[in-house]
Amino acid sequence: MTALPLQTPEERVSYLNAGHTLRSWFLTTDHKRIAILYLVAITGFFAVAAVGAALIRLQLMTPTGELLSHEGYNRAFTLHGVVMVWFFLIPSIPNTFGNFLIPLMIGAKDLAFPRLNLASWYIFVGGGIFTLYALIAGGVDTGWTFYTPLSTMYANGHVLAVIAGITIAGFSSILTGLNFIVTVHKLRAPGMTWGRLPLFVWSHYATSVILVLATPVLAMTLILLFAERALRLAIFDPSIGGDPLLFQHLFWFYSHPAVYIMILPAMGVVSELVTAGARKRVFGYWFVACASLAIAGVGFLVWGHHMFVSGQSPYAGAIFSFLSLAVAVPSAVKVYNWTATLYKGEVVLDPPLLYGMAFVGLFTIGGLSGLMLALLAIDEHVHDTYFVVAHFHYIMVGGAVSGFLGAAHFWWPKITGRMYPLVWGRISAGLIFLGFNLTFFPQYLLGYLGMPRRYPTYPPEFQALNVLSSAGASVLFVAYVLPLVYFTWSLRNGRAAGANPWGASGLEWTTPSPPPKHNFEQIPVVDRPAYDYPLTRARGDE
Amino acid sequence: MNPFFQAWPPEASLHAVRVDQLFIAFSALTVLLTAPVFVLMSGFALYYRRGRDVDRTQAPRGNWRLETVWTIVPFLLALIFFGWAGWLFFDQGHPPTGALTIDVVAKQWMWKFEHPGGQREIDELHVPAGEPVRLVMTSQDVIHSLFLPALRLKQDVLPGRYTSVWFKAGLPGVYALRCSQFCGFDHSVMAGRFVVMTPADYSRWLQQAGTDGSLAWQGFQRFRALGCSGCHGPASTRRAPKLEGVFGHPVALDGGRVVIADEQYVRDSILYPAHDVAAGYAPIMPTFAGQVSETDLLALVAYVKSIGTAAPSQEAGR
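Taken in order, these protein sequences are the chains called Y and E. First residue of the first sequence: 173, per this note's numbering; consecutive thereafter. First residue of the second sequence: 2, per this note's numbering; consecutive thereafter.
Bear in mind the hints are in silico, worked out from the structure with no lab data behind them. C-beta: ideal position from N, C-alpha, C; glycine also. Do not rely on the hints blindly, as some may be mistaken.
[Said to hold, decoys possible] Label pairs and their computed distance ranges (CB to CB):
1) E:G131 with Y:L332: 24 to 30 Å
2) E:P4 with Y:R667: 44 to 50 Å
3) Y:A643 with E:D56: 54 to 60 Å
4) Y:R664 with E:D56: 41 to 47 Å
5) E:V55 with Y:W458: 24 to 30 Å
6) Y:V354 with E:W9: 50 to 56 Å
7) E:W9 with Y:I599: 49 to 55 Å
8) Y:P486 with E:G291: 48 to 54 Å
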């Protein structure tokens, strides 16, 4: 690693000032610029979906719900779910940080198919436009799960536009997954063996496998839904000879693996945050790497745990229950390995590590509540209640969004060349942990007490906990706006970061910040294992 | 009870108590498994802060023994709970014979309950305490889910199909009854009261509720009105299977399969007669799909059921 002179980002030629025209951005094939395009797009979608969340929490302040009509509320939570899942969470880490970092981490000039990468962004935005059209035209009231025959025969909203949007956006997922798989196989720098890959790359590889295998099933399912709703072909509606449970099987065959599409990249991020925060090699490299692959594989076999009370055979239920407990094992292995990584480390409590620790705490709670849901007799009580809502928000918001923000706080200096104020980063990490628990822990209690989800009005005995949850959501709101403010501030006012402000290992830190257009002056030759920090150096590859 | 806050949901059955025990035990396991992570992670982060002069020699890169332990031990602990929860679930899966059967028809956005004596109620369900009760449920439109939090039970209610759930409520009282599967506009008000009564009170309630004759009797009326009795009646000479003594017993089908004649089989035979034809009969029966309401179908099923074991009975009762 050569010491690079501390220049301000503007003084040096980088991918950011390689061109200033709109054309240079919208027709770029540079994976770093496409990552920025994605970052802007998904931040916009996050804001739209957050409005839905705000409406939900405001409505639930009182048992009778003074703000929205039932129709309005149903549309608000459908908007929140659809946009958060498909237009924020699924593309969040892979298409921004994955796009930006995978070539840098493996020592490549770009992804294997740069133009396909740009196409995937246009497809994604195209799908988003359909969805936004449906919203402007009045919205959808089926929930993000589109259960039949409600969605095909009974719902009044713009179902067709939304499922068209989601189907189109799915192709962007497939292309991105394909691009990552080929890139990791073919474009690793000399010496970058599979055993030297950063865990971030391993988990994106596992994610890509799911993207490529599961997303087509979603497309098929939604096309069948389209056929029934638009053409009245009998597929899911029993009144014309269809089977409504067929839809649930197909939908969850995609949508459960989709949860791992959201969480695996965040796990990859956390592996980087924890090792860099401890200045130490990850504990049990191969266990953490293989855990990602195990999650991706077994994750395909657990969809039936969404259907324990649907009328599915109880014997099928028992098998899905068992497999759902099994899929938790590799996740637990990761959590224990991250904890052990801090042992005898040289720990610096900077914002990235704090976000990483917030992830581990919230993910652990969310994961164990997932085991409760996998237990047949408990699920029979808490299925479709706020217990489920709390569980998946611990995974998707406490886990995936914390991972996303952790990644932003870790690689922001690499992406922009500027440092943000660390104190504010620590405050926002703390506020997120606090606000998140205040918002969602009461929802576990509400669920066990018997409050079903998707209720615009509720019995009065649930009010205290709902008010607590809404109060937490306002803390969470502040905690999400804060990084937006200081990141924006840092673009002009932050001090120059230098190539490696955290003293982290990894090829992305050997190139200047922000990186030059082609990433590296010369393709690096790798002769060391990953996370080769002094504390744990020297015993060769494992 | 404080009107704004509830500390614990009421337990109205032994099953509810057992589910709560399982839930509390698993919560304890959750604490047992998370506490080391929380304590060690923050402990290590503070103790090994950069700048503190502590022993960092021999910092480990991994340890396969430790990996094995933390892979296997939590999984085995979880398996204990898998067995425990599975036992409760399957125990709840098989209703005892002779359970009181109440029919449930759900539609946007109301619940209709029909007692065997023909008593009907909307958005309220009265049941006797201490007796097994089995609900046979179907929906007229979308998927609903009957949720009885005080019993820790729920079961989705599907269009075109019967699903069932059974319970033995222990403690008389008034509890919540909700829809938990999102079913559209008024989902959150598709709710009502679940009233558990002493058997004596329940009998009195049945008396007062009034009825047009038992459900089986009403089914018999429909059986005649729809013309079913022309072929299936005891006096008929047409070549159609007789229905006496059929319900609950195996039926040989064309093609060699054998099914048990349950509620679903009777329903499907009325709506889709060409699907599962009884062995030795020509598929000549016309379909009644679209001509019979869910309520009438349940009455017809009740009638076929009533002649399943004994001679046809027109008496009100179980």
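Now for the hints, and whether the structure bears them out:
no., hint, verdict
1, E:G131 with Y:L332: 24 to 30 Å, "violated, 52 Å"
2, E:P4 with Y:R667: 44 to 50 Å, "violated, 56 Å"
3, Y:A643 with E:D56: 54 to 60 Å, "violated, 45 Å"
4, Y:R664 with E:D56: 41 to 47 Å, "holds, 45 Å"
5, E:V55 with Y:W458: 24 to 30 Å, "holds, 28 Å"
6, Y:V354 with E:W9: 50 to 56 Å, "holds, 55 Å"
7, E:W9 with Y:I599: 49 to 55 Å, "violated, 37 Å"
8, Y:P486 with E:G291: 48 to 54 Å, "violated, 32 Å"
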